[in-house]
Amino acid sequence: MIAHLWLATLLFVQAPAYPIAGTVVHSVTGVPLAGVRMSLTVSRSQKEVARTISADDGYFRFASVPAGKYSLVAEKAGFVTQPYGQRSLYARYSSAIVTAEGENTEGIVFRMIPSAAITGKVTDELNEPLPGLTIFACLRSGHGDDRRVHILHRATTNDLGEYRLHSLAKGAYFIAVTGRVWQSQDILDASGQRAGYAPAFHPGVSDFARAEVVTVEPGAQARADVRMSLAKTVTIQGRFAGAIPEGRAQAFLMAPMGKPSRLLVSELVNLSGPAFTIRDVPPGTYELTVAGGSQKVLARKTVTVESDPTEVTLGDAPMASVRAKVQLRGKPSGAGFLIGLLDEDSRFNPRRMLDESGSVDFGEVLPGRYTPVVYSGTVEAALLSITAGPGVVSGQSIVVPEAGQVDLRIVADADSFNVSGKVVHAGRPRPGVIVVLIPRSENATALTYRFDQTDSDGSFLWQAVPPGDYLAFAFEHGEAADYADEAVMNKLRAKGRPLSLKGGSNTEVRLELTAEEQ
Amino acid sequence: MERASVAVIDLQERVLHHALTGPDGRFSFPKVRPLTRLRVWRRGYRDESQRNVWEKFLSSATSAEFKVKLFELGAVTGTVTGENGEPLLGITVQALSSKVSNGRRQVSQYAYNQTNDLGQYRLWHLSPGQYYVKALGRRSVSLGVGAMPLTREGELAYGPQYFPSGATKEEAALLNLQPGETLQVDFRLSGRPAFSIRGRLLQHTLHDDVQGEVRQGTETMGSRVKVELATGRFEAADVPAGSYILSARTRGTPVRRGETQVTVGSADVNGVTLNLSAGVTVKGAIRAAGGGRVDMASVELSGASLDSPPERYSANTGSVDSSNEFQIPNVLPGRYKVQLPNRLDVAEIRSGSIDVLREGLTITETGCAPLELTLARERGSLEVEVAGGAQARTAWVTVVRIVGELVYSQSQPMPPEGLLSLTELAPGEYRVFAWRFESPVEYENPAVLESLAGRIATIVVRNGETAKATVALPSEANEGAAR
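Protein chains in written order, with this note's numbering: chain A, 264 to 781; chain B, 33 to 515.
It is worth saying that the hints were derived from the structure and are not from the lab.
Hints are supplied without guarantee of correctness; some may be wrong.
Keeping only pairs whose Cα atoms sit at most 25 Å apart, straight-line, the calculated DMTMM-like set for lysine to aspartate or glutamate is [unchecked claim]: (1) K101(B) - D452(A); (2) K99(B) - D449(A); (3) K495(A) - D300(B); (4) K384(A) - E449(B); (5) K758(A) - E780(A); (6) K88(B) - D618(A); (7) K559(A) - D241(B); (8) K594(A) - E569(A); (9) K433(A) - E705(A); (10) K384(A) - E104(B); (11) K101(B) - E607(A); (12) K88(B) - D732(A); (13) K258(B) - D218(B); (14) K495(A) - D42(B); (15) K310(A) - E213(B); (16) K588(A) - D543(A); (17) K258(B) - E607(A); (18) K63(B) - E87(B); (19) K258(B) - E311(A); (20) K101(B) - E619(A); (21) K384(A) - E185(B).
Remember, it's a predicted structure, so these values are computed and weren't measured experimentally.
Take these sequences, add in the hints, and give me the full structure.
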């Protein structure tokens with residue numbers, strides 16, 4: 264009897280469980296991949312619940328997984344570790360696997376994407392190798408004012424001038440090289456003048472607009488050599504007029520190669536007093552920074568280096584002051600809400616509480632690009648618009664100048680809500696579909712666009728959607744659409760499925776696939 | 033040598049003359065001003081003193097001929113694969129140079145790099161000399177998946193493995209890298225399931241910049257140690273089963289340091305605490321002959337045994353005040369040698385009843401009894417000549433005194449007149465030898481001293497007398513090999 268009772272208890276508490284199974288294949292060749300370490304983690308917490316290794320025919324199976332939403336991650340030597348459903352390496356979205364009654368999770372095909380590589384040689388004007396240079400693989404994104412260059416990978420040239428940038432996603436890359444930052448020997452040009460190498464781009468140009476892109480496909484390898492040219496260098500005689508906390512500060516130069524990425528072009532010069540000297544700087548326009556302990560930036564200034572010596576004073580004038588006024592739709596006051604400015608490293612710097620009227624004074628803010636975020640607790644308010652003086656707002660971010668007063672006016676919707684949905688085609692849920700929500704009004708900014716990728720059961724989630732009229736899309740293939748490009752968007756609008764979203768506790772939508780051109 | 037840069041530079045760093053050498057390597061500058069510097073360099077080369085730039089100060093305007101020797105730097109390259117021949121990405125490969133410095137053979141990291149996606153690495157611009165090559169670490173896996181946990185229990189870690197095999201230097205090959213040579217060094221590694229050690233630092237402040245390390249004996253494991261400065265929590269990842277010393281130290285001064293023993297089985301180890309301690313203050317006084325003042329002196333503590341960890345070997349120094357007393361702060365526990373730098377006239381050192389001069393000083397967590405140093409009342413002198421022609425004029429001379437288990441030394445350059453006179457020596461037996469660039473003799477190692485007896489003069493210095501010694505410079509080849 265006791266035994267029976269024990270068995271009954273076990274049956275009673277045992278939650279229903281489901282299998283997850285499938286095959287891992289090479290995404291380019293379709294060949295099954297053996298020996299892939301597969302890890303299953305809970306989507307929300309990233310807690311690992313099970314692990315297995317794919318068999319010789321690529322088959323893997325987790326026999327019994329409780330109902331839930333999981334990420335499946337594959338890891339194999341020679342591949343970048345990647346989650347299931349990623350459309351390309353480092354893509355922002357992947358697809359979760361949802362286990363529940365009636366969900367088929369036994370026929371998963373995990374297409375492992377091989378990475379690409381770019382190799383090359385960096386040489387000087389005499390065709391001799393240049394060792395110890397930092398080389399960057401960069402991608403460009405955005406349009407118009409919001410155009411940016413992102414550094415994705417870096418490598419260093421060896422004594423043969425060779426480098427290898429690996430683990431790359433497919434893409435059209437710019438290859439950038441910094442000058443000799445760690446050099447310990449003088450470089451003289453043919454006339455005996457002190458010289459150096461200014462930052463350059465493949466194939467050997469200093470102007471970013473003339474840089475050539477290198478396109479790689481998954482699993483492929485491309486070659487990109489860079490020829491550096493020698494330029495007569497000058498000395499910067501600097502003076503930092505501010506206080507040096509704890510007596511420690513350093514000055515350095517960065518090349519503003521399209522924000523937010525910057526390339527270090529000088530050595531780090533320790534400040535023992537207000538005066539400092541940076542030697543061997545190739546002519547150009549740079550950002551000069553003085554930073555204290557823990558790399559806290561004390562002052563930053565754009566300098567054009569031309570004459571020798573170039574004299575610069577920084578820290579003598581106050582930096583730009585930033586005030587913001589946030590209009591929170593759906594809330595009587597700003598109480599309980601915070602506004603933060605996310606800097607280029609995605610850190611809140613600074614962050615303040617809004618007062619009753621929704622106003623905030625940040626005081627002095629370092630020059631640079633920031634993304635404003637308005638939130639309270641775990642709720643992020645949807646930003647509807649940002650306005651400020653000329654030249655400040657740039658796409659979804661603001662650019663704080665070196666001096667002056669910046670007054671931001673932000674309209675946010677605190678009554679935003681999450682919209683969940685499902686993509687169904689021919690009566691079956693479609694996983695791996697990119698779902699896009701854009702406001703119907705053509706004047707809306709990209710701030711209010713929402714994206715997601717559907718999970719194994721076709722489900723998706725758009726977060727922090729303010730009430731309004733929208734167009735929705737479900738692209739099975741169309742990752743290529745550039746949602747920031749007005750021309751692309753105007754063409755797309757005609758295909759959108761109109762949605763009027765008013766909020767409420769359970770906003771759920773069903774979408775059919777959007778017709779796509781090949 | 034072709035394509036070497038040659039320049040004459042004034043005191044304001046302005047280039048007055050410059051040239052690129054042709055195939056015969058020759059250069060010539062007429063009418064060079066005095067008070068300038070002649071510099072010669074080439075990328076990928078160093079001069080005999082291991083400097084990137086050969087330099088000579090030109091004090092007078094007379095014509096002169098210079099012969100400059102530059103050595104080409106070398107490289108170590110290879111591939112790191114796993115048990116099944118698969119390339120391992122992100123494994124660290126180190127070149128550890130083995131050279132003699134301050135009378136000890138010291139093995140220290142000279143260069144390191146990480147393998148790429150093909151398992152390849154290259155360590156470059158290595159000075160000619162002796163190296164161990166070691167591979168260690170964990171394959172990079174979490175590239176591109178932001179939300180992936182840093183480590184998972186049982187993840188494979190590799191090494192540390194020396195080339196060609198073995199986990200310690202004793203089993204490894206000491207490679208001799210010739211100028212301009214590229215050595216091929218491949219590794220095949222087997223992974224072992226690795227775990228994390230987690231815990232908290234005690235006595236830690238927000239401002240501490242803490243560096244952690246996992247060691248087995250004197251071998252550093254390839255573990256990544258992360259310290260969360262805000263909370264003092266740490267995690268040492270990639271540790272396979274075994275017994276270890278987990279240590280942490282703050283950067284900057286005063287250094288605070290702690291270590292503890294941790295045994296890892298087949299699971300993560302949690303709840304380890306590490307106490308950071310600033311060490312103790314060692315106090316003492318010096319008694320000079322006739323009770324006089326000891327001018328400009330300082331007292332130095334350094335690790336007493338040949339395998340003292342570097343942080344104990346680096347000197348802890350305290351200066352002697354007007355009443356001949358001194359304090360040496362922040363001394364970590366360990367066994368030390370006590371000396372007055374560049375003086376060989378100490379007759380006795382005591383800490384309580386311990387004969388510190390002969391036995392060394394053991395410092396515990398609670399410190400030690402005050403030190404009493406007595407300078408010799410009786411003194412002798414030593415005159416040293418170096419045989420070896422013109423090169424002898426730029427030689428250095430080292431005088432070594434062995435007292436009990438400990439070795440005390442003093443090194444000085446030869447004066448221009450070619451006779452070095454040392455006057456303040458406690459009576460006793462001294463070993464004397466000459467060298468040119470770096471100290472090539474492991475004089476702290478008694479076994480090595482014995483084996484080099486033929487090159488080293490042994491002289492007895494007596495009270496009130498002047499002993500004389502003539503020593504020969506080692507041939508260039510010998511010195512290079514000893515380095």
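What hints, given by number in increasing order, does this structure fail? 3, 4, 6, 8, 9, 11, 12, 13, 15, 16, 20 and 21
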